[in-house]
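J.: Below are the chains, spelled out letter by letter.
There are 2 protein chains.
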Amino acid sequence: MKFKKIIYCCAIVSSLNLGAQTAEKKTSHVNPFIGTGAAHGSPLSGNNYPGATVPFGMVQLSPDTRNIPDWSVASGYNYNDTTIAGFSHTHLSGTGVAELFDVMLMPFSGSVVKEEAGQNAYQSKFSHDKEFAKPGYYSVELLDYQIKAELTATTHAGFHKYSFPKNKEAHIVIDLDHSMKKSDWNTRVIASQLSFPNDYTIEGYRIITGWAPMRKVYFHAEFSQPILHNHVADGGNVYENAKIVNGNAIRAILDFDTSKEQEILVKVGISATSIENARLNVQTEIPVWNFEAIVNTADAVWEKELSKIKIEGTEEQKQIFYTALYHTFIQPNTLSDVNGDYPSADFTVRNSSKSYYSTFSLWDTYRGAHPLYTLLQPERSADFVNSMLAYYKVFGYLPIWQLWGQENYCMIGNHAIPVIVDAVLKKIPGIDAETAFEALKNSSLREHPGSPFGIWEKYGYIPENLKSQSVSLTLEMAYDDWCVAELAKKLVKIDEYNQFAERSQFYKNLYDKKISFFRAKDDKGNWIGPFDPLKYGANGGYPFTEGNGWQYFWYVPQDVKGLINLVGGNNAFTKKLDTFFTLEDKPEEVNDNASGFIGQYAHGNEPSHHIAYLYNYAGEPWKTQKYTADILKKMYNTTSSGYSGNDDCGELSAWYIFSSIGFYPVNPANGVYVIGSPRLKEASIELKNGKIFKVTAKNVSDQNSYIQSAKLNGKSYTKTFVKHTDIEAGGTLEFVMGPKPNKNWGSKLEDRPIN
Amino acid sequence: MKFKKIIYCCAIVSSLNLGAQTAEKKTSHVNPFIGTGAAHGSPLSGNNYPGATVPFGMVQLSPDTRNIPDWSVASGYNYNDTTIAGFSHTHLSGTGVAELFDVMLMPFSGSVVKEEAGQNAYQSKFSHDKEFAKPGYYSVELLDYQIKAELTATTHAGFHKYSFPKNKEAHIVIDLDHSMKKSDWNTRVIASQLSFPNDYTIEGYRIITGWAPMRKVYFHAEFSQPILHNHVADGGNVYENAKIVNGNAIRAILDFDTSKEQEILVKVGISATSIENARLNVQTEIPVWNFEAIVNTADAVWEKELSKIKIEGTEEQKQIFYTALYHTFIQPNTLSDVNGDYPSADFTVRNSSKSYYSTFSLWDTYRGAHPLYTLLQPERSADFVNSMLAYYKVFGYLPIWQLWGQENYCMIGNHAIPVIVDAVLKKIPGIDAETAFEALKNSSLREHPGSPFGIWEKYGYIPENLKSQSVSLTLEMAYDDWCVAELAKKLVKIDEYNQFAERSQFYKNLYDKKISFFRAKDDKGNWIGPFDPLKYGANGGYPFTEGNGWQYFWYVPQDVKGLINLVGGNNAFTKKLDTFFTLEDKPEEVNDNASGFIGQYAHGNEPSHHIAYLYNYAGEPWKTQKYTADILKKMYNTTSSGYSGNDDCGELSAWYIFSSIGFYPVNPANGVYVIGSPRLKEASIELKNGKIFKVTAKNVSDQNSYIQSAKLNGKSYTKTFVKHTDIEAGGTLEFVMGPKPNKNWGSKLEDRPIN
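As you go down the protein sequences, you meet chains L and G in turn. The first sequence begins at 1 in our numbering and counts up one residue at a time. The second sequence begins at 1 in our numbering and counts up one residue at a time.
Heads up, some of the hints might be wrong.
Have a look at the derived ranges for each label pair, beta carbon to beta carbon [to be verified]:
| hint | chain 1 | residue 1 | chain 2 | residue 2 | range |
| --- | --- | --- | --- | --- | --- |
| 1 | L | E502 | G | E116 | 55 to 63 Å |
| 2 | L | I692 | G | S353 | 14 to 22 Å |
| 3 | L | K634 | G | K114 | 51 to 59 Å |
| 4 | L | G118 | G | F531 | 30 to 38 Å |
| 5 | G | S127 | L | I494 | 58 to 66 Å |
| 6 | G | K114 | L | T82 | 17 to 25 Å |
| 7 | G | Y409 | L | K125 | 48 to 56 Å |
| 8 | G | N198 | L | L749 | 51 to 59 Å |
| 9 | L | E261 | G | T284 | 53 to 61 Å |
| 10 | L | N339 | G | N198 | 46 to 54 Å |
| 11 | G | S353 | L | K691 | 36 to 44 Å |
| 12 | G | S353 | L | K125 | 55 to 63 Å |
| 13 | G | K181 | L | E115 | 43 to 51 Å |
| 14 | G | D522 | L | K166 | 54 to 62 Å |
If you're looking for bench data, these hints aren't it; they were derived computationally from the structure. As the structure is a computational prediction, the values presented were derived from the model and not from experiment. Each residue gets a CB set at the ideal place from its N, CA and C atoms; glycine is no exception.
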C-alpha cells in the first residue's frame, strides 16, 4: 500500500500545482488507510477511517463499507470490505462503538429500482487499486457505476465531486436513516425531514437517539446541477417529486442528467443546532464551486498542523508518525457553528465566542492525546477545557465520554480532571483556575453514574459487592483525586488539598500484600476470592475494567514510589515488571480490547500504556528502553492493520508520537515526561511561544535502541525524565544510541522520575 | 355530586372573600368532575380531568389516579379510582391517548421506604367526600397521610399548597419518570436532570419520546420551606443529598419539617424551551407566596372567559353548559414562554411576539370547537391560525394532530384547513390571507402521511387497496378541498379554485347507487365487497375510520344538496335519515369510539355530530329538532360520566354549547349555523365587537322541544339556519317552543340551509 500511495499522491499533488516543495510536505507522509482494517483473522481494527476531514472538524466525510456498521466497523470503513454503501458526513476515529454516520450520500448510474424499507440497492463494489486518500481528500471509483467519487471537507461542511459517465440516468441517494444497527444502544431516528427548497438545494435534519441520548443533525446541501426529479421513501411511504417529507426512515434518490456535464459537485453543511446554521456553515466555508481550492485549503491546514513536529527518520517511521499525528488531530470535534451556536448539555442552544468541542473519549485520551494537545495545541486545549467547563456548568459534573455534546458514561473514572489540571498547571492561557477547580471539586464530590463518592469516602476503596469494576475504579479514582489535590495545592486550598490527597492514597487499601496484587474487597473488608490475576473483566461484573489484575497492578501514576514500596522495593518491583512482560499465559477468555501482547502487556488497550516506562522509577531505565523500543517496532506499521487495537480517538497514535520522540507522560498531569527509547533520528517540536525543542538520537536503528548517553542543551543529562518546563524553554535533547544497554545511564536515585 | 359540589363551593368562595356576587358567577356552575369517569361497566370516559388550569394554559396541574395511566385514563384521572399517585403539571383533556403527565409531585408524611425502580410506594387513598374542584383550583385530602393538597395554576406555572400534619417527617416526591406506559408509543425518557441550586429550589427537565416524537419539558420549582434533605433514585442508582442528578428514571424524595409550620407551598414553572425560561415563567406569573391570590386570579380569568355567554336555564343546564365551555377553553394550549420562545417543528427554538399554541386535535375540534373559538375567541383564533402557519413554514404542511408542537398523524384529513378558512372568511383580524392560502394549497398538494394526493387526483377517490380508510378519507378530503376552493374563490385564484372545487366533488365517485351508500373501490374501479354498512373500522385496515358505512354516509357538509340528489331527493334522504336514527342493529364488534347511540347515530364520536341537523336541508326541520333535543337530553349530564364518549379536547362540549343555544355549524367553514332545538331559556353571546347576540326559547322544557315560530330582531324568521354575519351584527333570535312539531316552520325551499 505504501508504494501505491506515493504514486497516487504525486499524481494528485502535481495536478494541484502545489509546486516544488512537495517532497517536504508532512501531509505526503500521512496514510489515512493505516488502522482502517483488522489483520486477517482478528476482529481488532484501529477503527480509523480514510475519508476527508480537517483538524478537529465537525465533518468527517468518509465512505461507509457497510450499510449497517456495527462495533467492529465503528468508523464505517473496513479495509477488508469490498463494497461501499455511501459517503456519510460524520464519523468517529478509533472508537469501539459505531456511531454518527449522518447524512449519507451515494451516487449511482442506471435505473432506479424499488427498494424495500431498510434496503440499500445501490451499494457498489470498489477496489483499493482505484482508491486514494490523503489528509482532507479521499477518492474512489465506484466500480458498479463507473463513477469516480472525490471527497473533501472543511470544518463544518463536506464537498463531494462525482464524475459520472455520460448518462441520462445519473442519481444520488441521500439517506437520513443510515446509522448503526437500530437494535444497538436503542438506536432510533425520532424524527427527520428532507426538503427541496429549489432545484439545486436540499435541506433537512434528523433527530436520533443512540449511543448519545439525543443528537440533532441538520444539513443544507447544494448541487452544481439541477435535481430533475426526486423519489423519496420514508419506510413504506413513497413520494415522487416531493417538496418536503417528514418521517423517520427517509431515503431519497435524486435524478440528474450527466449526458452533457459529467461532474456533479455537492456542498453539504452540517450543524447540530439548525438548518439555518448548516446553511451559514457551508456558505461561509465553501462560498464557491471550487473543489480543488477546498482540497488545497484542507491540505494547507493539515500541513500547518502536522508541521508542529518535524522529524527525520525512515519513510516508514514518517508515515506511521505523521499518520498518528493526523489521527490525534482529528478530534475532539468542533460542535459549534461558525456563528458560535452549539447544543448545550441541557438540550438548549447556547452561544460561545470560542469553538465548542465534543468527542471526549477521556478514559483513553487523557493519557497521551491530551498532553500532546497541551504541548502542540495550547489554544485548542484551552477551548477543550472551556468546553468541558461550560458543559459542567449545566450538567453538574465533567464529561466522562462525551459525544455530540452528551454523556454516554462509557468507561470509568473522571478523567477530564487530569486533562484540566494538566492544562492549568502548564499555564495554558485562557482557563480560569478557580472555575476549573470548582468543576473538579464538584465532579469529585457529586455522585453520578460510575462515580459512587459516598462509598468511596466511607470505605476508602470501592467494595466490589456495592459497585463493580471496583479495583479499576479504586485505582483510577485515586489518580483523579491526586489531580484535584494538586490543583488545590496550587490554589492554596488547604482543606480540599487534604481531603483529596488522602483520597489519592486509597489505592493502598486494595493492595493484598500476601499475593502482591490489587484485588477486590467487599464492604466488610474481606478479600473477594479466588483471585486470578490473569482473568479479564470487560465493562462490569468483575473488579477489573477491560483488563486483568496484572495489567491494572501498575496503575498508580501519581505515586509510583508508593507502589514500589508496597511491592517491597525496587528489586521486587522490577522483578514483577519482568514477569509481567514475559508471562505468556493467557486465560481462556481474553477481553475484546486486549491485544498487542508482550507477555501480559497489551498495547491494544490503554491500561498498559504507561507500564513499560515504570522501570525508570526503580533504576533500570534500560529495560524501559528495551520494551518501549519493542512496542514501537512491533505494534505499529503502515498497513490497514497498523495499530494493535482500536486507535481510540488518537490515543494509540499519541503513544507512538511521544514514545518515538523518546518520552511519554506516565502521569499525564504532573508536567513530567518519562524517557523511553527514542526511535526517530530527530524530532523538532515547534512550540506556540516560538521556541523549538529538538530531540535527536544519534546512531538510532532497529538494533540501536539503548541510550548510551544524553545531553540537554549541550550538558550531560542522566535524568530519565524531562520536564515540561524544559521543553517549553526550547532547546535540544541529544541521545546517543547503541545496541547494548548502558545500565549506568539514568540508574541513580536522583535520575529517577519525580512522582 | 352536584349537591356536594355546591356546598363545597360556597365554603371555599366565602373563604376567598369574593363578595356578594357569588351567586351570579359563571365559574360556580363549572363542575370539573364532569367527564372524569366512565359510567359503570363502560370503558368510555370523557377523559377529562378535575385539576387546576387557566384558559388555554401550558400547565394543567391535576391529580393522577394511576401510577401508569393508559388510554382509558388518558387525562390521568378516573373518577372511579380510589388512590392518587401524584399531581403532575401537564394533561390532555378528553383525548383517547394518555400523554404528558410531566413533573409529578406527591406529598406524604411518615418514613421513607426503599422503592424498587418503577414503583410508587407513596400513593394515597382519597375520597370524593374530601375532594373539591372549580376552575383554576383543586383540593383533595390524601387520606393515608392526613395531608390536604390544594392546587392552582397560571398559564405557565402550577402552585401547590400542601397542609401537612404537625410532623418532622414531611416529604414531597418529585417524579420525572412518570408517564404513560413505556411500552405504549415507544415511550422512553431519553434524558432528564434534577438539580438543587439552593435549599428552596429544584430545577430540571426531561426529554421524552412518546406520542409526540420528542418533548422537552423544563421546570423550575420553589418551595416555601427549606428542603432539609433529598433522596434521589435514577432507576437503580441512588443518591443522598444530591446537588444534581442526570438520568432517565429520576424520582426524588424531598424531606421537610412541618412540626412548626404545617403548610408547604410549591411554585412550579414549566417551559418547553429551557430551565431559564421555566424560571422566568413562574417568577413572572407567581411573583409572591400568595396562593389565594393565584386562585382568585385563575377564578377571575375563567369568569371573564365564561361570561362570554350568559345563559338562563336550570342549574343542571348551567352546570353542563359552563363546564362544557370550560372544557372547550382548556385548549389549544400555550406552548410559548412569557418571553415568546417556543419549540418549533424543526426542533429549534424560535420566538414569537404572540402566543404560540399547540394541542390541535383537529379531526375532532374543527367541527365545533374551532367555530366556537372564532365566535368567542377571535384574537386567540388568530393566534391559533398563526401558530399553525408558523408550523407549516418549517414543517411543510399544516398540523393534523399536533401535540407539544409536534405532529403525531393521529386520525385522517387535513382539518387545519377548515379552521383556517373559517377564520379568514369570518375576517378574524391578524391573519394574512395569502400566507394562509399558500399553506392550505401546499398542505393539499404535498403528499404526507395519510394524505396521498397523487392517487387522490389520479383516481378521483382513494382506492382502498392503495390506502386504507379510503371511504372516510375520500369524504373528508373532499370537504377539505372544498374549503381550499372557497378561499381560492375569495382570493380570485381561478386555477386553484377550479382544481379544488373539482376535487371537492370526488366524494361522488364512491357513491354506490345500487345500495345507496359510500363504499370502497379498488384502483381498478371495482367495488370492494361484501359491503356491510353496520361494520366498523377503527384506524386502519378498513374503509371507514372509527365508524361504519351508516355513520360516514352523511359526511358531505360542503354539498348536502349534492348528497340529497345522489340519494334521490328529499324524501329518500329523510327516509334514510329516519332509518339511521332508528336502526338498532349492532354488529358484534363496535369500535371503542362508538357510543352514545340513537339507532346508528353515535354521539360519543365525531363522525355523527352533524347528522341530526341534516333534516333541515330536506325540509323536515322538526326531525332535526326532535333528535337534537334527544341528544341534548340523553347524552349529557352532570356526573363524572357526563359525556357519552371522549370529550376530545372539548369537541363534545362544543357540540353541547352550540346545540343548547339552538344551532350548530354543520359545515364549519361556510359561516352558517343550522338551527336545531334550543334548550336554554336564554343565551347571550358577547362578541368581541361589543355587540350581543341573544337567543331566547320561550316555553322551552324537556317536553317543549319543537320550534313553533321564531323572530330575528323582532321580525318573523323561518329560515332553519342563521348566518355568522347576522350574529356578528348583534341582535335577538327568539324562538317559541312547544310540545308538538310545527311542521311548516322552516320547511320551505328558501328556508333550508345554504350549502
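J.: Hints first: check each against the structure and report whether it holds.
T.: Each hint, compared with the structure:
no., hint, result
1, E502(L) - E116(G): 55 to 63 Å, "violated (36 Å)"
2, I692(L) - S353(G): 14 to 22 Å, "violated (59 Å)"
3, K634(L) - K114(G): 51 to 59 Å, "holds (53 Å)"
4, G118(L) - F531(G): 30 to 38 Å, "holds (37 Å)"
5, S127(G) - I494(L): 58 to 66 Å, "holds (59 Å)"
6, K114(G) - T82(L): 17 to 25 Å, "violated (56 Å)"
7, Y409(G) - K125(L): 48 to 56 Å, "violated (40 Å)"
8, N198(G) - L749(L): 51 to 59 Å, "holds (53 Å)"
9, E261(L) - T284(G): 53 to 61 Å, "holds (59 Å)"
10, N339(L) - N198(G): 46 to 54 Å, "violated (34 Å)"
11, S353(G) - K691(L): 36 to 44 Å, "violated (57 Å)"
12, S353(G) - K125(L): 55 to 63 Å, "holds (57 Å)"
13, K181(G) - E115(L): 43 to 51 Å, "violated (34 Å)"
14, D522(G) - K166(L): 54 to 62 Å, "violated (43 Å)"
Consistency note: the structure conflicts with the earlier hints numbered 1, 2, 6, 7, 10, 11, 13, 14.
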